[in-house]
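Chains as they are written, first to last, in full-length UniProt numbering: chain A, 1 to 130; chain B, 1 to 130; chain C, 1 to 214; chain D, 1 to 214.
It is possible that part of the hints are untrue.
[Claimed, not checked] Under the rule of at most 27 Å between Cα atoms (straight-line distance), these lysine-lysine pairs were calculated in the DSS-like manner:
hint, chain 1, residue 1, chain 2, residue 2
1, C, Lys126, C, Lys102
2, A, Lys129, B, Lys125
3, C, Lys126, B, Lys87
4, B, Lys129, A, Lys129
5, D, Lys115, A, Lys125
6, D, Lys126, B, Lys129
7, C, Lys126, C, Lys161
8, C, Lys180, A, Lys129
9, A, Lys125, C, Lys126
10, C, Lys161, B, Lys87
11, C, Lys161, A, Lys129
12, B, Lys125, C, Lys179
13, A, Lys129, C, Lys147
14, D, Lys180, B, Lys125
15, A, Lys125, C, Lys179
16, D, Lys70, A, Lys87
17, A, Lys125, D, Lys126
Hint data in this document are derived by calculation from the structure and do not stem from the laboratory.
Bear in mind the structure is a predicted one, so any value in this text is a computation, not a measurement.
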Amino acid sequence: MLGLVIVSHSEKVAQGIKDIAEQMNNGMVRIIEAGGADEGRIGTNPLKIQAAIEAAYDQGPVLIFADLGSAIMNAELAIDLVDDQIKKQITIVNAPLVEGVIAAVIQATITDDVEDIIQTAIASKDLNKI
Amino acid sequence: MLGLVIVSHSEKVAQGIKDIAEQMNNGMVRIIEAGGADEGRIGTNPLKIQAAIEAAYDQGPVLIFADLGSAIMNAELAIDLVDDQIKKQITIVNAPLVEGVIAAVIQATITDDVEDIIQTAIASKDLNKI
Amino acid sequence: MYESYVLDKAYFVKVIEDLAAIVEEQRDYLTGLDSAIGDGDHGLNLSIGFREVSKNLSEWQKENLTILFKKIGMALLGKVGGSAGPLYGSLFMKMGEPAGGKDVVDFNEFCNMLKAGIEAVEMRGKAVVGEKTMVDALRPALDALTKAVEDGVAPKIAFEKMLDSAKAGRESTIPLIAKKGRAMRLGERAIGHVDPGSASSCIILEMFYKNMPQ
Amino acid sequence: MYESYVLDKAYFVKVIEDLAAIVEEQRDYLTGLDSAIGDGDHGLNLSIGFREVSKNLSEWQKENLTILFKKIGMALLGKVGGSAGPLYGSLFMKMGEPAGGKDVVDFNEFCNMLKAGIEAVEMRGKAVVGEKTMVDALRPALDALTKAVEDGVAPKIAFEKMLDSAKAGRESTIPLIAKKGRAMRLGERAIGHVDPGSASSCIILEMFYKNMPQ
Ligand SMILES: Nc1ncnc2c1ncn2[C@@H]1O[C@H](COP(=O)(O)OP(=O)(O)O)[C@@H](O)[C@H]1O
Ligand SMILES: Nc1ncnc2c1ncn2[C@@H]1O[C@H](COP(=O)(O)OP(=O)(O)O)[C@@H](O)[C@H]1O
Ligand SMILES: [Mg+2]
Ligand SMILES: [Mg+2]
Ligand SMILES: [Mg+2]
Ligand SMILES: [Mg+2]
């Protein structure tokens, strides 16, 4: 099963994106959120991200989506902390957070080609909204 | 003052983005969230969006950021419901939700040129995260 | 013929009552269609919307048709949550306008109500036929109704033709790729499935048809 | 000379205690710097991080220096929340490694600790000098220390040179546009402001300097 980790500076944002994405998830993606710093403050926490990666990992690829710069830095740190076996399965996806997660989850209902899922998530930045 | 409305299918996402953005807001932007359908269900509500637009409006421009297609549809409906005077001040910004709101708020601390703020928000889709 | 064929408030109230009941009955069917190519909430969305309508209908039926339809539309707007909210909300809100504040309309006026409502859906969703949306049921339905009226067909027969076209439109969505709404993201994976909105549109039109006097 | 100049655990514990105290004292100063060109939380972030360190320090000082620093780093990682978390977390975690599980290090080893820590910050943040980050203080500080050691300068003097370079580096951030971190988005609006991370880096290095024996 594909793992997906949502990293945001806000706990609410990460949880809410998971809520939206789960509506479109047909059970093919294990979505785990890692939002907020310690005690719900705005920020990110590499240990929370590490735990989320480990929870999302199911012998297959794990995609990480994050909001701002320091969330990426903490995601990279979290990746350094996990087992090598998991580590080599992880990709941080360079996509907008909400749009990328939703696109990835929808695409995962269509294909199990991870590269395709990643590219679809990245391409979500160019989806016209209006 | 610039008004900014955050429309998401999730109440938590809209609130959380506001929390993140307020950290960067120097008081130049009135940020109002309009997340979720009635009773916190996943979805959007044009009447909530209408109220948010009216709350965000302060004799100046109002920017709307939204997540998915039907959020835009409801935002457009909400725009139809507000006074003409407010209506002509509204722009739905074709930008990723989290990234666009943050970019707009930061840019509003630099300039009060709304067109510049809108363009910066749109360009946020191409900001490299990794 | 059409001027003497009138539809009164009791008719419309009964349509709405039946609609609320059948939405409840068909909730899982609609949700199932939406699970296949959407987020699986279409039945639930409509159920929540029409429960709100039901709850207030005895109060609202004191109003003229324009206000009654407006209130129904506003309730759907506020409660439905998904795309069906602004779309069906607009349908009902706009349907009331050609009723011109009256309590009874003749068949011509009724046709104009449907026209106004369906055009409002098209305006709101910017969809055209072939994009695998409710418009695939509603637009052919309206066209069939317009043609039947031009041909001078009797009201209930004209509505039967309308409903047939709506259902044919619903079936026509099966082989389509979606170009609007959530299913748009699915590409070819949407092929083989009925569009949920086209199905609910048929249900709505069917309630108008079913309750029409001969 | 450098082998006989030793720094023991009491020294390091005192440095950390002082650091926790001064972070508290300078919290609003650091937060003020971050309000100008960031999100105004840098002082708060560090305060929360070092409170966690303080709370545990009496327990952790039973461990050798490698483990002690690792625990400090992990606490900062987990608590700080902002960019300073992974950056200073990495700084402290990596600083412990050249201590090789001992309770006392000589000056060479201490210099290696700082080198390892500062390189870890660079590795984690991918920043180079001139990008208006803490690296603008840390990298010149490390270079000045390395040079002073090559020149055979006495330990505390070498550290004074290091600190002077860090402070010069901090001041050098004032006219810069930021290329990393949040301030990056501000373009020219960042000009005229000290980078908050370069200021906190000076504070950290100053505590190491201040507590060194002559
Ligand atoms: N732009 C549009 N124009 C017309 N109909 C649309 C449009 N977008 C979606 N729909 C209709 O809405 C239906 C889905 O409704 P619903 O499930 O309530 O909304 P959501 O997709 O937001 O969950 C689709 O089956 C389709 O018929
Ligand atoms: N990539 C980076 N490399 C080095 N230092 C950085 C980097 N990003 C940010 N910083 C430093 O972090 C400081 C801000 O820390 P803090 O306020 O705790 O984080 P945040 O910006 O996430 O709120 C900046 O002043 C800068 O010195
Ligand atoms: Mg749906
Ligand atoms: Mg929905
Ligand atoms: Mg900060
Ligand atoms: Mg911060």
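Verification of the hints:
Proximity of Lys126 (chain C) to Lys102 (chain C) is assessed by CA-CA distance (about 30 Å); at most 27 Å being required, the pair is judged violated. Between Lys129 (chain A) and Lys125 (chain B), the direct Cα distance comes to roughly 12 Å. Compliance with the 27 Å bound is thereby established for this hinted pair. A hinted pair counts as satisfied when its Cα atoms are at most 27 Å apart, and Lys126 (chain C) with Lys87 (chain B) qualifies at roughly 20 Å. About 21 Å separates the Cα atoms of Lys129 (chain B) and Lys129 (chain A), which keeps this hinted pair within 27 Å; it holds.
Only pairs whose Cα atoms come within 27 Å are accepted, and Lys115 (chain D) paired with Lys125 (chain A) is rejected, the gap being roughly 40 Å. Restraint check for Lys126 (chain D) and Lys129 (chain B): the C-alpha separation of about 13 Å stays at or below 27 Å, so the hint holds. The hinted pair formed by Lys126 (chain C) and Lys161 (chain C) meets the criterion: a straight-line CA distance of about 25 Å does not exceed 27 Å. Between Lys180 (chain C) and Lys129 (chain A) the alpha-carbon distance is near 11 Å, which keeps this suggested pair within the 27 Å criterion.
Pair hint Lys125 (chain A) plus Lys126 (chain C) holds up; C-alpha atoms about 22 Å apart against a cutoff of 27 Å. Using a Cα cut-off of 27 Å, the hinted pair Lys161 (chain C) and Lys87 (chain B) is violated, with the two alpha carbons roughly 41 Å apart. This hinted pair does not check out: Lys161 (chain C) and Lys129 (chain A) have alpha carbons roughly 37 Å apart, beyond 27 Å. Between the alpha carbons of Lys125 (chain B) and Lys179 (chain C) the distance comes to roughly 23 Å, so the proposed pair stays at or under 27 Å and holds.
Between the alpha carbons of Lys129 (chain A) and Lys147 (chain C) the distance comes to roughly 36 Å, so the proposed pair goes past 27 Å and is violated. The hinted pair formed by Lys180 (chain D) and Lys125 (chain B) meets the criterion: a straight-line CA distance of about 18 Å does not exceed 27 Å. About 18 Å separates the Cα atoms of Lys125 (chain A) and Lys179 (chain C), which keeps this hinted pair within 27 Å; it holds. Simply put, Lys70 (chain D) and Lys87 (chain A) have alpha-carbon atoms about 21 Å apart, close enough for the 27 Å limit, and the pair holds.
Note on Lys125 (chain A) and Lys126 (chain D): the hinted pairing holds, with a Cα-Cα distance of about 25 Å set against a maximum of 27 Å.
The structure fails to meet hints 1, 5, 10, 11 and 13 from the earlier list, while all remaining hints are met.
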